[in-house]
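Undergrad: Take a look at the letters that make up each chain.
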Amino acid sequence: MKKLFHISLCLIFSAALNAQEASYGSPQDAINGFFEASSASDYSVRQSIFSSLFLADGQINAIIFKEDQSVINKLGSWKKFLGESTSFYNSYDLSFDEVERSINYYEDIAAVHSLAYQTLTEKINPSVIYEQFLWYTFDLIYDGNGWKLTSASWINATDNQPIDDALTQDTIWHTLNK
Amino acid sequence: MILIRLHITILVLALLSAFNSKAQEVDNSINALDKYFSTSSTSGQSITSHFTNGAIVRTITYDEEGIQIINSFSASAFNDEIALLRSDFHILQEPVVLLNQSYGGLQSVFCSVRTRLVRLDNKDTLNVRSIHSFQLIQSDGWKIQHLVIQNENPWSPISDDLWPKELTASIRNGKNISESQASEPFETYDPNKVYNVSEVDEAPVYPGQKSLFQDLMKSFDVTLQEDESHSPFIIEIAEDGLASLKYVNDLSGSQMESAKSFVNSMLIWFPAIKDKASVRCKMVMYIK
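These protein sequences, in sequence, are chains D and Y.
Residue numbers 7 to 184, in the working numbering, belong to the letters of the first sequence in order.
Residue numbers 334 to 621, in the working numbering, belong to the letters of the second sequence in order.
So that you can see chain D by itself, here it is in the shape it has in the complex (with noise of 0.2 angstroms):
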């Protein structure tokens, strides 16, 4: 018995390192990693993934987009957003499923743009379904071991505005002073 307990705790200790030393050898990887724990109905999973996909005061920023065009802003760090969207994770399965992604990126850093359609389905009358496009903008950056997720912001599209906006990319020059 007492061995049992022993290879438990060691099993135990063992999972913890391997979430921690997860690390996301590309940008492409750490988004999916994000899409993954987004739609994750286990909040160990959410955490376990958010640990070692963010930095430890990397961000999360959900932007509610009104019809009136007016936006309600909800920022804070990652962990906040852990605690504060676990009784919607109660309520509702998400999935989603990415339309298109685009990537700027130097040495370093990466700023990935992501068009995502998302499902909500009622946990408890699975016949609810609610759906919306999202865009999301991620920041990341190489911090020597892997990327890392340094803020992650999206925004819902509203039948006002096509969604498609978002992924029309502006290249603007800027004149130099002399």
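No wet-lab data here; the hints were simulated from the structure.
A portion of the hints provided could be inaccurate.
Said to hold, decoys possible - Subject to a maximum C-alpha distance of 30 angstroms in a straight line, what follows is the list of computed DSS-like cross-link-like pairs (lysine-lysine): (1) Lys476/Y <-> Lys86/D; (2) Lys85/D <-> Lys72/D; (3) Lys72/D <-> Lys476/Y; (4) Lys80/D <-> Lys368/Y; (5) Lys85/D <-> Lys476/Y; (6) Lys476/Y <-> Lys80/D.
Quick caveat: nothing in here was measured; it's all calculated off a predicted structure.
Based on the hints, put chain Y in the right spot on chain D.
TA: Then chain Y, alone, in the frame of chain D:
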């Protein structure tokens, strides 16, 4: 007929309105960035009003051996850093190319930035290139919520897309030159001269990830920084990128053999550039 014409007019107006709404939105958020750069370039002005309350600024720089340093600041701490820099330099910071994406109250801008630091005492000028990645949100106007800044890694120059020659031909990078020299026309390069790194427009670049060259240096105990336990030697990178061993007078026999193996193990470099041409360039290194 009148109905059709009216319909077309309404359609054109609707299209114009949609176009203006997108153009207006881009214009406003880009204006916010313009104001940020303008404030950061004006002595005595605080940049904190351009950020949200919980905004974070992260900077990635490299030491002389190419080792990465990551720092995180609040907006006010970052403002203090700029104020500290202003005690020695006049700062001029401006974007070069901005890649802008936005929707509703969220905007992302990935841009190259030129920073000109002019020493207050002798007016020497240092031009620094960097990449900034902004996330802005609408909160009483457009505010910066997150900013990551990476200074250019000398081993991996910023691409032409973000540093187009058409815009930047008159800027020299990382050189201490006085204002009067800076306004002089380009010198023409001498094909027979072996330039120092500080004399060329773009230093030679070792191919691949920077860790590739760092690992090579490590395996032969070579550094780019002088210290008592290492002896100096010089390598030359020819116009075609081939490296060769030059000055070795300070090396012992075994150090010389090791330095030879080090140079022979190198891949072909991207050569130094001066006045848009490949030139010979020498680099000082140190071996144990």
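Undergrad: Would you mind marking each hint as holding or not holding in the structure?
TA: Taking the hints in turn, this is what the structure says about them:
no., hint, in the structure
1, Lys476/Y <-> Lys86/D, "holds, 21 angstroms"
2, Lys85/D <-> Lys72/D, "holds, 26 angstroms"
3, Lys72/D <-> Lys476/Y, "holds, 19 angstroms"
4, Lys80/D <-> Lys368/Y, "holds, 25 angstroms"
5, Lys85/D <-> Lys476/Y, "holds, 23 angstroms"
6, Lys476/Y <-> Lys80/D, "holds, 14 angstroms"
In this structure, none of the earlier numbered hints is contradicted; all agree with it.
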